[in-house]
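Given only the sequences and the hints, what does the whole structure look like? Please build it.
Number of protein chains: 2
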Amino acid sequence: MPSPSFRLEPLPGYTPTIGRLVGILLYTRKTTLAAVEGLSTAELDHLQDDSSNSIGALLAHIAAVERGYQCVTFEERPPSAREQAAWEPALTLGAEGRRLLRHEPLEHYVHELNEARRLTLEGLAARDDAWLERTLRAAPAMNAHWAWFHVAEDEINHRGQIRCLRARLGSAATHTRA
Amino acid sequence: MPSPSFRLEPLPGYTPTIGRLVGILLYTRKTTLAAVEGLSTAELDHLQDDSSNSIGALLAHIAAVERGYQCVTFEERPPSAREQAAWEPALTLGAEGRRLLRHEPLEHYVHELNEARRLTLEGLAARDDAWLERTLRAAPAMNAHWAWFHVAEDEINHRGQIRCLRARLGSAATHTRA
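Protein sequence lines, in the order shown, are assigned to chains A and B.
Just so you know, we're using this note's numbering here: the first sequence kicks off at 1 and counts up by one.
Just so you know, we're using this note's numbering here: the second sequence kicks off at 1001 and counts up by one.
For the record, the hints were derived by calculation from the structure and aren't laboratory data.
Errors might be hidden in some of the hints.
What the hints assert, rightly or not - Covered stretches of chain B, as calculated for chain A (at least 3 residues, CB under 8 Å):
| # | stretch |
| --- | --- |
| 1 | 1007-1017 |
| 2 | 1153-1163 |
Said to hold, decoys possible - Using 16 Å as the maximum straight-line C-alpha spacing, the simulated EDC-like pairs for lysine to aspartate or glutamate come out as follows:
| # | chain 1 | residue 1 | chain 2 | residue 2 |
| --- | --- | --- | --- | --- |
| 3 | A | Lys30 | B | Asp1154 |
| 4 | B | Lys1030 | A | Asp154 |
| 5 | A | Lys30 | A | Asp154 |
| 6 | B | Lys1030 | B | Glu1115 |
| 7 | B | Lys1030 | B | Glu1112 |
| 8 | A | Lys30 | A | Glu115 |
Ideal Cβ positions, reconstructed from N, Cα and C, are used throughout, including at glycine.
Laid out in structure tokens, this is it:
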């Protein structure tokens, strides 16, 4: 796996435009993992207020969004009913996420993220820049390039929220642990 | 100005890779403006807690970051002392931002964002994909492509925070107005 850097440029193993996109995905993931490094299960489960998502639920969301876009882009189909049911609490967040996405250590979420990412990079390495620009049959309003940018965009959006939540964990984590 | 869409592809008026990047910048800005639509000055000034940034300060930050990267990429120089001083509260946020970035209506922030963006699009339209990949003299760790992705990335990060802050304005805005 190429290292994230402060450059976007073609990457070995990918066609040029896909390589630049992979640079975005890798850099984004690096910052997400940095934002959650060292968090305990209690901190990952903490709810800042009644309508908050926990940091753990946001990590599960990031992995589920990536899985969903693998179906839409690589397999050109919407998620199956079974997949949708499995990913629903993480995709939707809110009350169901608060109820179900809990009691897991950081390693659990990192494993989910790594497994999703491995398949994404395999899928992108097997495709080319012409594919990247094509309209998606399972989502005709978008092309594959936008879809994969959006996966990074959604992750960055939630990483911004994770940073805010983490900065407020001080008293919170103490409270959750008590 | 081309319309944002759910496609990333070459855009008229830009070289191909710059066009895809402009697609990211435009889509990102559209979502930021949607996230703050209709907010009052009191809501833009509201501080969620003692260490929060207001939504107005985050909008000022987004515009200041874009101005800063115009210096670094288009003019190949760091911001001047005068520019740095003018942008400092917005770039740094925190206590100075809380003190100084207040009492402005949404139109003020949108004007700042639009003016910054106009110069960005002019600068990108005047350059080509070879330029986009070049190392920046004023920031040798990065190339121009990463720098402009980072402008969008920072905006998306703060848009995520703005969405959280706005969702919690209900009681907050009432309190600020009281």
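Taking the hints in turn, this is what the structure says about them:
1. 1007-1017: holds (count 4)
2. 1153-1163: holds (count 8)
3. Lys30/A with Asp1154/B: 15 Å, holds
4. Lys1030/B with Asp154/A: With a Cα-Cα distance of about 15 Å, the restraint between Lys1030/B and Asp154/A holds, given a limit of 16 Å.
5. Lys30/A with Asp154/A: This hinted pair holds, its Cα atoms lying about 14 Å apart.
6. Lys1030/B with Glu1115/B: Distance of about 15 Å is within 16 Å: holds.
7. Lys1030/B with Glu1112/B: 15 Å, holds
8. Lys30/A with Glu115/A: 15 Å, holds
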